[in-house]
Every structure is written in structure tokens, then in C-alpha cells.
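Chemist: Sequence:
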Amino acid sequence: MQHDDKSSSVGYLKTYQETVIKASSIVIVGGGAVGVQMATDLKESYPDKEITLVHSRDHLMPLYHNKLDEIVKSRFDELGVKLITGTRAVVHSANLVRDDGKIALKLTDGHELITDLVIPATGQTPNSGFVQTLEPSDDAPLLNPANGFIKVRPTLQFKDSAYPNLFTAGDIADTGAHKAARPGAAQAQVVARNIIAMIEGREPVEKISVSPPGIHLSLGLTKNMVFRNPNVAAGETEPTVIMRNDGKEDMNIDSVWERRGIKVADPKEYHL
Numbered sequence: 001m002q003h004d005d006k007s008s009s010v011g012y013l014k015t016y017q018e019t020v021i022k023a024s025s026i027v028i029v030g031g032g033a034v035g036v037q038m039a040t041d042l043k044e045s046y047p048d049k050e051i052t053l054v055h056s057r058d059h060l061m062p063l064y065h066n067k068l069d070e071i072v073k074s075r076f077d078e079l080g081v082k083l084i085t086g087t088r089a090v091v092h093s094a095n096l097v098r099d100d101g102k103i104a105l106k107l108t109d110g111h112e113l114i115t116d117l118v119i120p121a122t123g124q125t126p127n128s129g130f131v132q133t134l135e136p137s138d139d140a141p142l143l144n145p146a147n148g149f150i151k152v153r154p155t156l157q158f159k160d161s162a163y164p165n166l167f168t169a170g171d172i173a174d175t176g177a178h179k180a181a182r183p184g185a186a187q188a189q190v191v192a193r194n195i196i197a198m199i200e201g202r203e204p205v206e207k208i209s210v211s212p213p214g215i216h217l218s219l220g221l222t223k224n225m226v227f228r229n230p231n232v233a234a235g236e237t238e239p240t241v242i243m244r245n246d247g248k249e250d251m252n253i254d255s256v257w258e259r260r261g262i263k264v265a266d267p268k269e270y271h272l
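Here UniProt numbering is used: position 227 in the sequence shown is 227, and no number is missing along the way.
No lab work stands behind these hints: they were computed from the structure. We put the CB at the ideal spot given by N, CA and C, even for glycine. Fair warning: there could be bad hints in the mix.
Here are the simulated SDA-like cross-link-like pairs (lysine to any residue), alpha carbons at most 20 Å apart as the crow flies [to be verified]: (1) Lys207 <-> Gly247; (2) Lys73 <-> Lys207; (3) Lys159 <-> Ser137; (4) Lys106 <-> Ser56; (5) Lys22 <-> Pro120; (6) Lys248 <-> Ser218; (7) Lys49 <-> Thr115; (8) Lys82 <-> Asp100; (9) Lys223 <-> Gly247; (10) Lys263 <-> Asn245; (11) Lys82 <-> Thr115; (12) Lys22 <-> Thr115; (13) Lys179 <-> Met38; (14) Lys151 <-> Ile195; (15) Lys223 <-> Asp250; (16) Lys151 <-> Ala140; (17) Lys223 <-> Thr115; (18) Lys106 <-> Thr87.
Derived CB-CB ranges, DEER-like [stated by the list, open to error]: (19) Ser9 <-> His111: 22 to 28 Å; (20) Leu13 <-> His111: 45 to 51 Å; (21) Ala162 <-> Asn127: 19 to 25 Å.
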């Protein structure tokens with residue numbers, strides 16, 4: 001999305017919704033959480049559409065224990081989501097719109113998929129370019145050159161000693177933690193406590209704790225699961241898996257509003 005105002009962003013999302021509704025076949029590129037959730041939601045919402053997910057590796061969501069891959073693939077089979085692994089989609093220059101309006105999506109293994117819509121879900125590109133306008137105190141860059149994330153101390157201050165008053169939390173921080181809401185929220189609390197400490201003239205000593213990756217993953221409109229990698233340091237060898245069938249179509253967004261002090265009486269109040 002290229003917009004940064006509400007009206008244009010809502011208009012973009014509505015147009016995208018209409019495009020999805022009109023498509024009889026959809027290819028999702030990327031087998032992370034976004035791709036998996038998009039595929040299962042779409043197939044359950046529109047069972048007559050042909051939904052295909054293309055993933056470059058053999059295992060889906062490779063950050064997690066292989067058990068998660070097994071569960072997701074079983075759910076794909078149950079819903080009828082087609083899965084292609086071990087090959088990449090060339091999502092930019094090689095996409096050709098044919099005379100009939102279909103998209104010819106080329107794969108690196110030489111195959112080609114004909115589809116109405118391609119949805120990229122290939123991961124994050126951190127919006128950290130603004131940090132490059134700051135001068136580092138030595139030859140070490142402020143950003144991790146391998147991924148573009150901002151280098152931080154355990155206190156979530158910039159790692160560069162020239163910027164002790166700058167903090168970073170969430171996905172853009174190069175913490176080693178997985179990118180998800182729960183660790184992001186915990187990091188925000190660390191930042192808040194350290195800022196308060198500095199305001200009060202104390203040292204910022206609160207540090208983040210990096211836990212094994214975990215996720216609350218939707219597998220359709222109501223099915224979902226809580227999954228956490230084993231804590232190897234604590235001697236665990238098997239992941240934590242809690243299967244649920246209690247999801248809501250809106251993914252309980254009303255509780256998010258309530259945490260911000262807004263009581264939603266009618267779900268239509270927060271619909272686009």
C-alpha cells in the first residue's frame with residue numbers, strides 16, 4: 001500500500017477486496033504466516049475459487065518446528081488449497097498479462113501458472129532508510145547490512161553510543177526475536193520503562209528477553225492454533241500445540257478496540 005492517509009487506504013483496500021471477489025483463481029507467493037492465513041481464509045470464504053500457494057522452501061513457516069508445517073499442510077489438504085514448494089515465483093518482470101486478462105506467473109523450476117490474481121506474501125522490507133541520514137560514531141553502520149533492521153542494545157536503545165536517547169521496538173528492531181505482536185508489545189514496555197528511567201535521571205537498565213518463537217495462527221474463519229517452539233535451553237524437545245475452533249470472522253477485533261478504551265456495540269461500526 002502506497003497511501004499514508006485513511007481515506008485513500010480504505011479506498012485501496014475496498015478495490016483490492018473487489019479484485020479478490022472477481023478472481024476465480026488466486027496464487028499466493030510466500031509460505032509464512034501471512035501467506036498461510038490468507039490461503040486458508042480465502043479458500044474457506046470462497047470454496048469455489050482455485051487457491052494456490054507457492055513457497056520457495058520445502059517446509060512452510062520454516063522459523064518454526066516441523067510439526068507446524070505438518071499441521072498446515074494437513075489443513076491445506078482438508079480445504080483444497082494447492083501447494084507448490086521448492087521453487088520461487090518470479091513476481092515482477094516475468095509476469096505477463098495475456099490477451100484474455102490472465103496472468104502467466106513463471107516459476108524458477110520452469111513451470112508457469114495461469115491465474116487471475118497474484119498476492120505477494122514474501123516477507124518484510126523494513127522502512128528504515130531514514131536512519132541512514134544519521135551519522136554513525138564509527139565505521140559500524142546503524143543498520144544491520146544483512147537485513148536492514150536497526151541495530152539495538154538489549155535495552156532497545158540504538159546500539160551506536162552516539163544516540164542513547166533513540167529507542168527502537170517491534171519488527172524494525174534487530175533483536176533476534178521473531179517478528180510478531182506479542183514480542184513487539186513486550187519490547188514496547190521495555191522502551192517505556194527505560195524512557196521513564198532516563199526522565200527521572202536513572203540509568204535505563206530494563207532489557208528484553210528473547211523467547212522461543214510462538215504464534216497464534218488462524219487456519220480459516222474459525223479454526224486456529226497456538227503454537228510455540230520448544231524451549232531447548234529448558235530441555236524441551238517438542239513444541240506446544242493447542243488446536244482451537246473458536247475463531248470469529250473478525251478475529252475478535254472488538255477486544256482490540258476495547259483495550260484502547262472504545263466500546264463497540266455493533267461490529268459494523270469498525271467495518272470498512
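Chemist: Where does the structure disagree with the numbered hints, that is, which hint numbers, in rising order?
Modeler: 1, 2, 8, 10, 17, 19 and 20
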